[in-house]
Amino acid sequence: MAKNSISAKRKGYIGLMRALMVLSAALTCALVLFMIAYVLAKGLPHITWGLLATAPSYMQDTVGILPDILNTVYIIIATLAVVIPLGAGAAVYLTEYAANKRLVAVIEYAAETLSGIPSIIYGLVGMLFFCEFLNMQTSLLAGALTLVIMNLPTVMRTTQESLKTVPQSYREGAFGLGAGKWRVIRTVVLPGCIDGVITGCILSAGRILGESAALLFTAGVAHVVNGFFAGLAGSGATLTVALYFYAKERGDFETAFAIAAILMLLTLLINLLAWLVGALCKRRRNV
Amino acid sequence: MITVNDLCLWYGSAQALHHINMAIPEKSITALIGPSGCGKSTFLKTLNRMNDLIPGVKISGEVLYNGENIFAPGVDVNMLRKEIGMAFQKPNPFPMSIYDNIAYGPRTHGITSRIQLDDIVERSLRGAAIWDEVKDRLKKNAHGLSGGQQQRLCIARALAVEPDVILMDEPTSALDPISTSKIEELAISLKEKYTIIIVTHNMQQAVRISDKTAFFLLGEMIEYDDTEKIFAMPRDKRTEDYITGRFG
Amino acid sequence: MKNRKQLAENAVHGVFLLLGLITVGCVLLITVYLIISGIPAIRQIGLFNFLFGREWASTAAEPAFGILPFILTSIYGTVGAIILGVPVGFMTAVYLAKVAPPRVKAAAAHAVSLLAGIPSVVCGLIGMRVLVPGIRALFNVPDGASLLAAIIVLAVMILPSIINVSITALEAVPKEYEEASLALGATPVETYFRVSVPAAKSGIAAAVVLGVGRAVGEAMAVMMVAGNAANMPSLFESVRFLTTAVASEMSYSGGLQRQALFSIALVLFLFIMLINAVLNFFLKRSKEK
Numbered sequence: 001m002a003k004n005s006i007s008a009k010r011k012g013y014i015g016l017m018r019a020l021m022v023l024s025a026a027l028t029c030a031l032v033l034f035m036i037a038y039v040l041a042k043g044l045p046h047i048t049w050g051l052l053a054t055a056p057s058y059m060q061d062t063v064g065i066l067p068d069i070l071n072t073v074y075i076i077i078a079t080l081a082v083v084i085p086l087g088a089g090a091a092v093y094l095t096e097y098a099a100n101k102r103l104v105a106v107i108e109y110a111a112e113t114l115s116g117i118p119s120i121i122y123g124l125v126g127m128l129f130f131c132e133f134l135n136m137q138t139s140l141l142a143g144a145l146t147l148v149i150m151n152l153p154t155v156m157r158t159t160q161e162s163l164k165t166v167p168q169s170y171r172e173g174a175f176g177l178g179a180g181k182w183r184v185i186r187t188v189v190l191p192g193c194i195d196g197v198i199t200g201c202i203l204s205a206g207r208i209l210g211e212s213a214a215l216l217f218t219a220g221v222a223h224v225v226n227g228f229f230a231g232l233a234g235s236g237a238t239l240t241v242a243l244y245f246y247a248k249e250r251g252d253f254e255t256a257f258a259i260a261a262i263l264m265l266l267t268l269l270i271n272l273l274a275w276l277v278g279a280l281c282k283r284r285r286n287v
Numbered sequence: 001m002i003t004v005n006d007l008c009l010w011y012g013s014a015q016a017l018h019h020i021n022m023a024i025p026e027k028s029i030t031a032l033i034g035p036s037g038c039g040k041s042t043f044l045k046t047l048n049r050m051n052d053l054i055p056g057v058k059i060s061g062e063v064l065y066n067g068e069n070i071f072a073p074g075v076d077v078n079m080l081r082k083e084i085g086m087a088f089q090k091p092n093p094f095p096m097s098i099y100d101n102i103a104y105g106p107r108t109h110g111i112t113s114r115i116q117l118d119d120i121v122e123r124s125l126r127g128a129a130i131w132d133e134v135k136d137r138l139k140k141n142a143h144g145l146s147g148g149q150q151q152r153l154c155i156a157r158a159l160a161v162e163p164d165v166i167l168m169d170e171p172t173s174a175l176d177p178i179s180t181s182k183i184e185e186l187a188i189s190l191k192e193k194y195t196i197i198i199v200t201h202n203m204q205q206a207v208r209i210s211d212k213t214a215f216f217l218l219g220e221m222i223e224y225d226d227t228e229k230i231f232a233m234p235r236d237k238r239t240e241d242y243i244t245g246r247f248g
Numbered sequence: 001m002k003n004r005k006q007l008a009e010n011a012v013h014g015v016f017l018l019l020g021l022i023t024v025g026c027v028l029l030i031t032v033y034l035i036i037s038g039i040p041a042i043r044q045i046g047l048f049n050f051l052f053g054r055e056w057a058s059t060a061a062e063p064a065f066g067i068l069p070f071i072l073t074s075i076y077g078t079v080g081a082i083i084l085g086v087p088v089g090f091m092t093a094v095y096l097a098k099v100a101p102p103r104v105k106a107a108a109a110h111a112v113s114l115l116a117g118i119p120s121v122v123c124g125l126i127g128m129r130v131l132v133p134g135i136r137a138l139f140n141v142p143d144g145a146s147l148l149a150a151i152i153v154l155a156v157m158i159l160p161s162i163i164n165v166s167i168t169a170l171e172a173v174p175k176e177y178e179e180a181s182l183a184l185g186a187t188p189v190e191t192y193f194r195v196s197v198p199a200a201k202s203g204i205a206a207a208v209v210l211g212v213g214r215a216v217g218e219a220m221a222v223m224m225v226a227g228n229a230a231n232m233p234s235l236f237e238s239v240r241f242l243t244t245a246v247a248s249e250m251s252y253s254g255g256l257q258r259q260a261l262f263s264i265a266l267v268l269f270l271f272i273m274l275i276n277a278v279l280n281f282f283l284k285r286s287k288e289k
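Residue numbers (the working numbering), protein chains in the order written: chain D, 1 to 287; chain Y, 1 to 248; chain L, 1 to 289.
The following block holds chain D by itself, in its conformation from the complex:
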């Protein structure tokens, strides 16, 4: 009868599964919290004005990460400046122009393939193609161009997704007024994909910030303070590459953790931004 309850064996199974689920989720969250807390605790005390605002000097035996910060900023700007038009353009082609289904499939398959290739391979090919074949030497520019290829699928995907939300009726309305295709795209379609482009920027910035393997052999490891264009032409370490060198080659863990703490804070910031933009876009669409 209904008053009987389920068997002890079933109760055991349910309890076990429930416990495993809760434990796993708790473990995942605890890991994240631990990693953040550990890095911040170890790193924040070592972040000083001197560290942030100077270049390292062997002569005076001081350590500074100003060049690494600048290099990171330069490479993010340079990469985004190239990848946004390319990726957004590719997305526009796929959603607005492409009529040949096969071609679309090939392009999308290529994008998926790109997003699966490990960054060390990007670094290697970037070194062979940009640094050696195109003779750019080891430079931030070569690094940035390598990262352009890496981030192309991300920007393409986010732009494509936002293009899909532009109602077909807008396009039809504009065409109905006799506008040419390019005009329709410029006036109706492109403004609609701005949130996708912004999301793509944020996600790419996050990936560039965290990237190291692809930059090791393309952007190099120099620590010199330069202006934007001189910086791009020369070799330079980003924060992640610098962290690697301080930790692995120099054994200077204080500096390594200081950089890690900065990276962690920036990662938090980027996640926050991505979340805010996501929430904003959602609200705008619902209005």
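In case anyone wonders, no lab produced these hints; they're calculated from the structure.
No residue lacks a Cβ here, since even glycine has one placed at the ideal position from N, Cα and C.
Any given hint could turn out to be false.
What the hints assert, rightly or not - Label-pair restraints from in silico Cβ distances:
{"id": "1", "chain 1": "Y", "residue 1": "Pro55", "chain 2": "D", "residue 2": "Arg18", "range": "13 to 21 Å"}
{"id": "2", "chain 1": "L", "residue 1": "Leu17", "chain 2": "Y", "residue 2": "Gln204", "range": "53 to 61 Å"}
{"id": "3", "chain 1": "D", "residue 1": "Phe133", "chain 2": "L", "residue 2": "Leu138", "range": "42 to 50 Å"}
{"id": "4", "chain 1": "D", "residue 1": "Val277", "chain 2": "Y", "residue 2": "Ala72", "range": "48 to 56 Å"}
{"id": "5", "chain 1": "D", "residue 1": "Lys164", "chain 2": "L", "residue 2": "Pro198", "range": "24 to 32 Å"}
Since the structure of chain D is provided, determine the placement of chains Y and L on it from the hints.
Chains Y and L alone, transformed into the frame defined by chain D:
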């Protein structure tokens, strides 16, 4: 066998069922009819407490099943649902083999013996009049069956846990006329052993298969009587309007 | 006039077509470069000696270029990371997709996307300072920089991929399946594991394959915790992965050694392409449902 006393149900602050009282006899077919949104499906799902799944549902009154209130604190809702089975509006076989679909319920309730399971599968499929059509492809995915076959499979799946009551929520609304008549024949043959409560939009269907009919409107049960009486001489004006096609 | 307008439209179309083809161009570029630069060393060393040679001594007087240790390390390391990471990720995904209250779910989703965003060198650094000494102390081995440390770091790093892709797959399971199971008297937990999970199995398989791809391709974090000696893999030994073999010698390599590194990258690339093909297979299957 099922007695409903003063049952009210709210979704948040909106009341969906108003003071329902009815006694459903066993080994018979009871049809619940009424226009869309009248509460008949909500009422049906109250009987096996599927409404528990919807957040914000509040229920008062009682439903006595074999003399016990199904909302009483000691009642195990899983055992209740084992005894009160259900077939849904849209056939919903699991994306597994025909055999595994039928064996799912018994396995859940602890039967592991292969011989026993084989026996249950065959009996259930025979019971739902679909054995001859699927006996050679028990290991094939259930999604390869036609819509009508899928619905009979779902009924067989419900039979496999040996329920006493089967709730059917518009089981033929997604089916073609031939499949519909097969499900109707099946329902009539099942009432020898089971109590069946069926929600239907189709008044001919209610006339063809049910012994008793309840008419719902705006969350109230307007009239409940023998099917013949309801359709031949309804007591309430609203019932008459509905069955003669004035609204709905 | 009309012709000029038409011409301009065509030009714009052409530009967008070119942009669209960039990804294809990049894939071709990468493939061609890896093949062209990877083949010579394999030719010189011999395919069999290269793939199945058990010794790597690139800078010795009589150099040996066998990459079996790297291949096996990459495989063992990935398998290990999957064994540790998949159960945790899978269980977390079921919990978040089906059981967790909305607030817990939102908070955990933030944590998971944060984990995905942590740079691999930071993971490596934490591994260096926490795991490596921990393993040395716990298992009483001379050096904690080992395959085990790499496996643990990789397991953590693949968690977000596994969790996110599994959640997407689990959330796509039609409600009707779950209702049917509950109506048969199965409890919610039984329903999730016996109906929802089997229904989402292609998507969950894709999640695992994606995790495999991430683990195989990770370089920096592994380089910081695995010790990087070209040993045959063993849990407490210092080991070198395919990725780290390329990364650790590239900066000072030349001649055949450098070419052999390109060949390693080619092998790695082929592994990744294979994994991508499998991934696509599962993704396609889970979409068809």
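Violated constraints from the hint list, given by number and in increasing order = Violated hints: none; all satisfied.
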